[in-house]
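Peer 1: Residue numbers (my numbering), protein chains in the order written: chain E, 1 to 533; chain X, 1001 to 1681.
Quick caveat, the hints were computed from the structure, so don't treat them as lab data.
Even glycine gets a Cβ: it sits at the ideal position worked out from N, Cα and C.
There could be a bad hint or two in this list.
As the list claims (entries may be wrong) - Cβ-to-Cβ under 10 Å is the rule here; a few derived chain X residues that face chain E:
#1 Ala1047
#2 Gln1048
#3 Phe1215
#4 Cys1222
#5 Thr1229
#6 Leu1230
#7 Ala1235
#8 Ile1401
#9 Val1508
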Amino acid sequence: MAAVFAGERTFLSRLIEPVEKTFYRLCCIDPTHEMGWKEYTVNTLVFSFYCGASLFLILLFQAYPVVDADVAFNVATGYITGTNWQATAPEVTLSALSQMIGITTQNFLSAAVGLAVLMALTRGLTRDRTTTIGNVWVDTVRATLYLLLPACILFALFLISQGVVQTFGGLQLFSTLEPDSAQTILTGPIASVGAIKQLGTDGGGYYAANAAHPLENPTPLSNFFQMLAMVLIPAASCITYGKMTGNMKQGVAILAAMVLLFIPFSLYIAAVEQGGNPLLAPMGIDQSLGNMEGKELRWGTTGSSLWATLTTATSGGTTNAALASFLPLSAAASLFLIHIGEIIFGGVGSGLYVMLAYVLLTVFIAGLMIGRTPSYLGKKIGVFEMQMISIIIIIPVLFALGTTALAVLLPDAHEATTSPHAQAFNDILHAYSSASNNNGTGLGGLNTDTPFYNISLGICILIGRFGVIAAVLALAGSMAGKGAIPDKKRSLNTTTPLFVFVLVFVILMSAMAFAPSILIGFSHEHYHLAGGL
Amino acid sequence: MSFINPETAFSLFRRSLRRLDPRHQIRNPILFTVYVSAILASAACFAQSAATVGFAIDVALVLWFTVLFSNAAELYAQDKDNAQIAALKKAHGGLTAKKIESAATKHHYALMPASMLKKGDFVFVESGDMIPADGEIIEGIASVDESSITGESAPVIREADSDRSGVTWGTRVLSDWIIMRVTSGRGETTLDRVLAMIEGTKRQASPNEVALNIFLIASTLCFVITAATLYPFSAFLSHSVIGERHIDIIMLIALFVCLTPTTIGGLMPAIGIAGASRLLQAGILTTSSHAVEAAGDVNILLLDKTGTITYGNRQAVAFFAAEGVPPIQLVKAALLSSLADDTPEGKSIVSLALSRYGLSLPEKDETMTFIPFSADTRMSGVKTPTTLILKGAGDAVQTQIALEGGRVPADIREKTDQIARQGGTPMLVVENNRVLGLIQLKDVIKTGIKARLAVLRAMGIRSVMMTGDNPLTAAAVAAEAGVDDFIAQAVPETKLKFIRNRQEDGDVVAMVGDGANDAPALAQADIAMAMESGAQEAKEASNMIDMESNPTKLIEVVRIGKQLLMTRGSLATFSLASDISKFLSVVPAVLISAHPVLAPLNFMGFSSPESAVLASLLFNALVILFLIPLALHGITFRPLSSDRLLRRHIVLYGIGGITLPAIGIKLIDMLLSLAMGAPHA
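Whole structure, please, built from the sequences with the hints as guidance.
Peer 2: Listed below in structure tokens is the structure:
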């Protein structure tokens, strides 16, 4: 990956280089041109706006089924940002063509943009006294051609081998197990959609049931590799980052912090789910397998819990079980993972760039504690950097909590839920948190296919993504302009276990703004459940 | 701690009250949010029912006290700072001048404080006096010791009607007398301007302080959102459940204040002022708060040899008798000639002769006529009825004896050259036109400098000595003093280039200088400290001035700079870490207060939600009060590796920040429930 973004040759170069060059020529891109952070940001926004607009139009003019403008807006924002919020069941809303040229393309490109922004930040941190942080067009093209496309082709082929459907056949008639009955099932290019939704941590499956659907996720092996695929690129990004900074330990330290956060959360969620639902046991329903409500029998509680942890920890948003049927405590834990900004592995690119903002924040506080002007990779962290980091922290809080407050104040919102009151609140909170953090999971109890939700969620998605990206790129630009002071073992060591510990601490602290709202909602649900209400 | 003194405490309290002016409070954004919360809570008291109004008033009161404690911390720090400035002004206005009406009336002078001198005044200065102001000689000639400014130990000649007629404040006339006209009043020197600036202007925040403040404001904003949105959330949730009401506004205000980093927010101004105050206490004036903190990063220190590592004036270290002259004769002659010699060199000859050769101090008698050192002859000596002893610089004495046909023997000439080559100063002693031998004068390493340099090394700072000497001498002095490196034959350009090169390598360079020729290098250095006795140019180019002219004072600056950053960082960590405990105690309490179904969340076993909230708020306010001493004194600096420092501070302020509030809040809660007899409603 490091070689791809440094513009070096890789083993795929011979194959891809002509294609790459053709792209540049067609689009009049000068691949040697280097951009400053403002130009990089503007181009990223223009590119994403163009993507969003084209997807919006594709959906709007899709012959069948007909899509309303607010839905189209919501879907478009969701896919260009890698959020893939699915207010509607995609197999009902989207045609095979839309899935292919609209959705799948954006799944690639949104992941590529995420990677591009990460690379820009990495360059900003590692370059010395320059104003430029790379070229966004080159970064996205190279991310797509060298990384995402080959990886997805391999992965899609694997999925097909496991029995995931890849066809244009549309509606297929199946004989069911019951004699003399037939069922029609919509099929399509599921394997290719599925490959990128996992690898690109986009999350939008072909079916609303997502990876719980047997045609999307047929075998234990496909289940396992789909989970692996979610963390593959985000985790590898840490190593890439280590390589690009010239000190592998930097990347490993960040990865260690992610793992350190991931393990207790996944164990906790699995343990809660395994514990079963206290209400169902007295009713004579066997809870020995744990809380099986809403789960695929094939995966069981452990498989579903691990998936849920992964999908909320990364920016995945794919699901192999109904999150709404998770017990309140485990659902709260997975919401907490969304709230800390999806940085435990995180989305492709986006996980690490937000993580790096936390790293800078940690360096700042820890640096003060040892009596030095805080600096990271030899670069001083100043006022401007702290402003940008503050923006990155505030955006999700403002939008996740602010819009939830707005939604519960509006009478419309109440009508959209099918869940009991506490659960309804959690549904709404989860929806906006998921949108603002570009996750894409929903608790399912909430019918978000209303103009209000479609548009407000779309706005959250847009600002949650591009507001943060702009701040990250500004950070990259200002760090690039600073002179790197060679480390002489005097400054804060950012590769020690102690630093990793402090980083984890800072990350957990940063989610404290969300915690009361999680607590009020989910503990209501939990104690109602416990009290048998 | 004069906190104990009830009178001071009362006056502080009164002035803290007066500071509740919103125009003043808004300067500290974090505390301003608490201030607004206090106003809101007070207003909300009126909307309470009889059952809950007591609790609301309690909350409002605690909030007001939180603001007051922070105000008091700042005021207290400011008081100490002002006292420090006043003391400095008093200590450094003490020079007296002999003011005369005109050049003709030089013996009818009036003594007056140098600070009263005005431009254009005439002053008479004779040997031994300090020059009381910058000025120009209009009559007379004198040798002046300018070593405090130029670092050159040899006195210089200043005389009227020449290009050497300028004299500088703070230098000393060694011989003869002059009449000078003041060109710059004492009120206009750099020192006074800096003092006036520190006193008059508001302390500017350093970039680190601003950056930390931004982060604190951001987290405050987040918690505003948290508390504000909890209201509709609670309202929504209580819709369906009978017996639940939504969370009261007082509870939300309390929640917000508990979560906001008030500890660091409230103490931040006090920390900054106390840092500046500690500098003043160490006798260092600074115009830039940035420089003080940057001093924490210094890893190379450039020091002048003369006046810093060695005493400004050379001292006698050995006698060398000419061939055929008994050494004791040379020593006795040298001693006799120096009896009335007031120059540091003369005194050092006397003390060497007495200590090395066990001689007793000869009595002066009226037969002796002493010839004082004069700038013209550059010799001094003594004349008795039988002998004339002269001593002085090699070439001056040589010229003198040549007039009467004397000459310097070959072995002495050779020795003279040898001493000069090694950077020492040879001084010839002549009795009745016969060369007895020579005295070797040499730089003498200051006592204690070695230990100070070792402290610097432990802090990770390399010391580099700059000297105009040849490499041989420089190496000898460097080795003796224990500096890590030296630059020999340094001219202003070499110093400047050295600093630039080091900076490009990522080093942060501090320089201590006092000569005018140091100014370019001082301007280039990251931290530049000039001696208060130094040249005006050096002071202008520096960002710090040491009032006591002690060059190793930089150790203090580094210590204070690091201390400032560490105090801020550690208190911020404490503040954030204590959020966890406050969160765990106050959030469940606030939620339970409106939603009884959540009662199991009270895992800390508080007697009632109200007392839990009140206990958290009280702790929040009291912790500011208890941490004032720490904020003012700063965290003790220890020269540890950065990893060990970090571990130490994480344990103390991070983990301590989590556990201490948990215990504190629980204790206050128990006390509260005891005091109230029964739990609140």
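Peer 1: Quick check on the hint: threonine 1229 of chain X CB to chain E CB, less than 10 Å?
Peer 2: At 4 Å from the nearest chain E Cβ, threonine 1229 of chain X passes the 10 Å test, so the hint holds.
Peer 1: The hint names valine 1508 of chain X as touching chain E; please verify it with the least Cβ-Cβ distance against 10 Å.
Peer 2: holds (8 Å)
Peer 1: Given leucine 1230 of chain X was flagged as interface, is its beta-carbon under 10 Å from a beta-carbon of chain E?
Peer 2: holds (6 Å)
Peer 1: Regarding the hint that phenylalanine 1215 of chain X lies at the interface with chain E, is the smallest CB-CB distance below 10 Å?
Peer 2: holds (5 Å)
Peer 1: Quick check on the hint: alanine 1047 of chain X CB to chain E CB, less than 10 Å?
Peer 2: Result: violated, 21 Å to nearest chain E Cβ.
Peer 1: Double-check glutamine 1048 of chain X for me: the hint is only fine if its C-beta lies closer than 10 Å to a C-beta in chain E.
Peer 2: It is violated, given that the least Cβ distance between glutamine 1048 of chain X and chain E is near 23 Å, above 10 Å.
Peer 1: Identify whether the interface hint at alanine 1235 of chain X stands, where standing means a beta carbon of chain E within less than 10 Å of its own.
Peer 2: Since chain E brings a Cβ to about 8 Å from alanine 1235 of chain X, closer than 10 Å, the hint holds.
Peer 1: Against chain E, with CB atoms and a cut of 10 Å, does the hint on cysteine 1222 of chain X hold up?
Peer 2: Hint holds; cysteine 1222 of chain X Cβ to chain E Cβ min 4 Å, cut 10 Å.
Peer 1: Grab the minimum C-beta distance from isoleucine 1401 of chain X to chain E and call the hint holds if it beats 10 Å, violated otherwise.
Peer 2: This hint is violated: isoleucine 1401 of chain X lies away from chain E, its Cβ roughly 58 Å from the closest one there, beyond 10 Å.
Checked against the numbered hints above, the structure breaks hints 1, 2 and 8 and satisfies the rest.
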